[in-house]
Amino acid sequence: MAVNQTLPRVNPPPENKLHTQRKMPFLTKLWRDSPLLVMVAPAVLILLLFTYIPLLGSVIAFMDYVPFLGFTGSEWVGWANFSSLFSDTAFWNALWNTAQITLLQIVLFFPVPILLAVLLNTVAMPMAKRFVQSVIYLPHFLSWVIIVALFQQVLGGNGVLNRFLLTHDMSPFEIMSNPDTFKLLLTTQAIWKDAGWGTIIFLAAIAAINPGLYEAATIDGAGAWQRFWHVTLPGMRPIIVLMLILRLGDSLTVGFEQILLQRDAVGPGAAEVLDTFTYFNGVVDGSWGTATAAGLLKGVVSLLLVLAANKLAHRLGEEGVYRR
Amino acid sequence: MSSRISRRSLLRSAGLAAALAPFGGALAACGSGSGTRSAGGGGSASAGQAVPLPTYVPPNKPKPLYEGTAQGVMDVYESFPMDGPKTVTGPVGDGTDFNVMIMTYGQPAPPLEENVYWQLLNKELNLNIKPVQVPFADFQTKFPALVAGDDLPEFVSVPIFQNVSRLPQLAEAQFTDLSEYLSGDAVKKYPNLAGIQEAGWLNGYLNGRIYGVPRSDPIFSTQIYTKTDVIEAAGANPQPKNLQEFRDLAKAVTDPKAGVYAFGGNIAGFLQMMFGVPNKWTRKSDGTFVSAYEHEAFIPAIAELAALYKSGVFHPDTATLIENKVQRDALFRSGKLAMVHDGNRAFGIVADDRELVFDIMLPFGKDGGDAVHWTGNGAYAITMIKKTTDKKRIDMFLKVLDYISAPFGTRESFVINYGVEGEDYTVKDGVAVLTTRGQREQDLGMAYIAGGPQVLCNPQGTPGVDKLNYDWQQKVVSTLLPNPAEHLYSQTYNTKGAALQKQMDDAVVAVFLGREPASSLTAAIQKWKSGGGDQMAREYAQAR
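Chains A and B supply the protein sequences, listed in that same order.
First residue of the first sequence: 3, per this note's numbering; consecutive thereafter.
First residue of the second sequence: 13, per this note's numbering; consecutive thereafter.
Read the hints as simulated data drawn from the structure, not as lab findings.
You can trust all of the hints, since none of them are fake.
Distance windows between CB atoms, simulated:
no. : chain 1 : residue 1 : chain 2 : residue 2 : range
1   : B       : T448      : A       : M172      : 36 to 44 angstroms
2   : A       : H142      : B       : T153      : 21 to 29 angstroms
3   : A       : D252      : B       : K322      : 39 to 47 angstroms
4   : A       : L305      : B       : T153      : 22 to 30 angstroms
5   : B       : E244      : A       : M172      : 24 to 32 angstroms
6   : A       : L163      : B       : E433      : 46 to 54 angstroms
7   : A       : D182      : B       : A245      : 36 to 44 angstroms
8   : A       : M172      : B       : A245      : 21 to 29 angstroms
9   : A       : S145      : B       : Q61       : 48 to 56 angstroms
Note that CB positions come from ideal geometry on N, CA and C, so glycine has one too.
Just chain A, same shape as in the assembly (with noise of 0.2 angstroms):
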């Protein structure tokens, strides 16, 4: 599997290689490294292309950018887009959903790929495992369309649920609209729809632990819970500090097109994001300038968030994003 071989190695690497990078000049370096080289050559191109080359288009958080305009008949107004975000409460308010979605998705959806790839792991017939996994994968490939409806479906005000309770005489639950606990209705959808996908590479790690040290732990009279805490999860630690980093990379993106459906039903008050924020601000209202400012600082924050968390990892004798 492709996912398997991406994966940064968890056994320390050979020594040797350590030493000879550092003598070796540069000239020869690259001769030895121009195959390499050569084959990611294109992603690279892809990345200037579709990633770098578009971040210029940045200058707009800082012009009244008009699309028919363009970049050289729009005018420049300095500071003036991030300060009327700053006044803007409903930015504000965007800001404070996002925090507190991300925090519940690191608190509530984070462990459970975790917890599903060890318990996966556990299961002794190949045939079962593999009909949980297939189980566990499939909503990951429904769109987030079809998973709104169907929530809509069974637990909306005129869904499957309160249909039932109202003719029997019960009072209906407000779960699909009810804003004060959408930021949970969030969490769970997404835990349902990705906690089974994201197993993957928790799988993958466990597999990657060498099964000596199972046995040897079984010789020194380790039950199942010490080779858990002493085995399994050692092994995993790295991948789950990586995942963790990533994570945090973009704690700020927690779902557009999700919140994005179910937004009239809670209203912006409750599920207005960033990513909402700037949609409606920039493509919808045709404000581009205040929208990309709003989007620039969002990166600013990510990339800030992302180096703070591979320093700790690193405090922490993790090896992080990449080695020191």
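For this one, chain A is given, so just place chain B on it according to the hints.
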């Protein structure tokens, strides 16, 4: 199939925006009968001298069954004359591609090879029509993307109620100034375009120049359709005379166990008109403008809306139904909603279906007496041509629109509205009646890019539907209330109008659905005012 909704009928519901937006969406007035205006919709950077609007030459019309009025009541016809006079002579198109952006509602029209209506139009117009269809739900994102990517096709039809921001600047930067072809008597070269009234033209009159050819709209804005069988079964009175009777009706028809509710969408506009809230702006005697949000009846009207919602007469999915017109209409048709509030043009949707028995609620004041009725803005859409100096191309564009604008009763209009005999329509007792195929094929939308006044003629609907609407119009026409700021230019409205409007709409919906108390509107209005509302009022006062 009772839930089928054809674009033909939906397109007629252009005023649906009125029901989508709590404040009434596109509602705005046309300064009808104010003579030639030279400053309407003017812009900051005028490309040249302001020009007179096209001269109006009233078209010949067949004798209607019921005569309309100059105030806006529409003519009623029993059937569409099949042997009407020709108004267009000589070739129209030149056989080239006609790439036109049209906003659509339902499914896309059947492809050319299966669509005899499309084939007929191509032949009649001597063109290769290639529509760029933008679904209604995507317009607000797709259109800006087409503009930003410089991907607009040669011809672009923009629905007025979509509130495109910076439209005058966009027109000046990207579209052809049609003034020399249409201003004053020049329009007479295209006689059917000369039959379009000023109220329509004002929508395409930007920066004092003529950029767009309008598709005229009825002067009325919204109506409440009532489902007769549901209301009769509940033993309720379908024509309440005051707020209390209205509440009683809503309560009587609601039956949660059966899944039947009075409403499923936003009726803020209806309640505001019932409470006497002005049409967006009031011009005081000293020439200053005051927003309708500041009117004493605005907050009470929304508070009443919230109280109705709280009393349980709204469908449980109202929060999502507000923006989901298609589902709302389906619920109405299936009897799960007893009433639906929609744009006046939505009449076509109900009138198209023979099996649907419905009535139109007459407006009434809160304590009895008359309500006000906000005037619509006079046009559904304007159609423009990308910047070009090719005079032949511009002439061809206008000839095509001239053909499409042929008034009711002409041969061209019959072709546009009925298509191919035996396929798109059948003749029963001398009356042409559209088939389902005909309704589907017209989803092409070409009929809705330009045109003059419309008439009421729905022989395929329940007998008497047009008379029903005619009677409603007769009663409402005296209560029409225009928006005094309509077609006045405000730079703030132009750049921030759409965003400010949405901000207020969101605040209204929050109160409606009980997320916020009615008192929160005071702060929302303050925010709206300081965010640009006050500036708009000043600009309108100066624009006069």
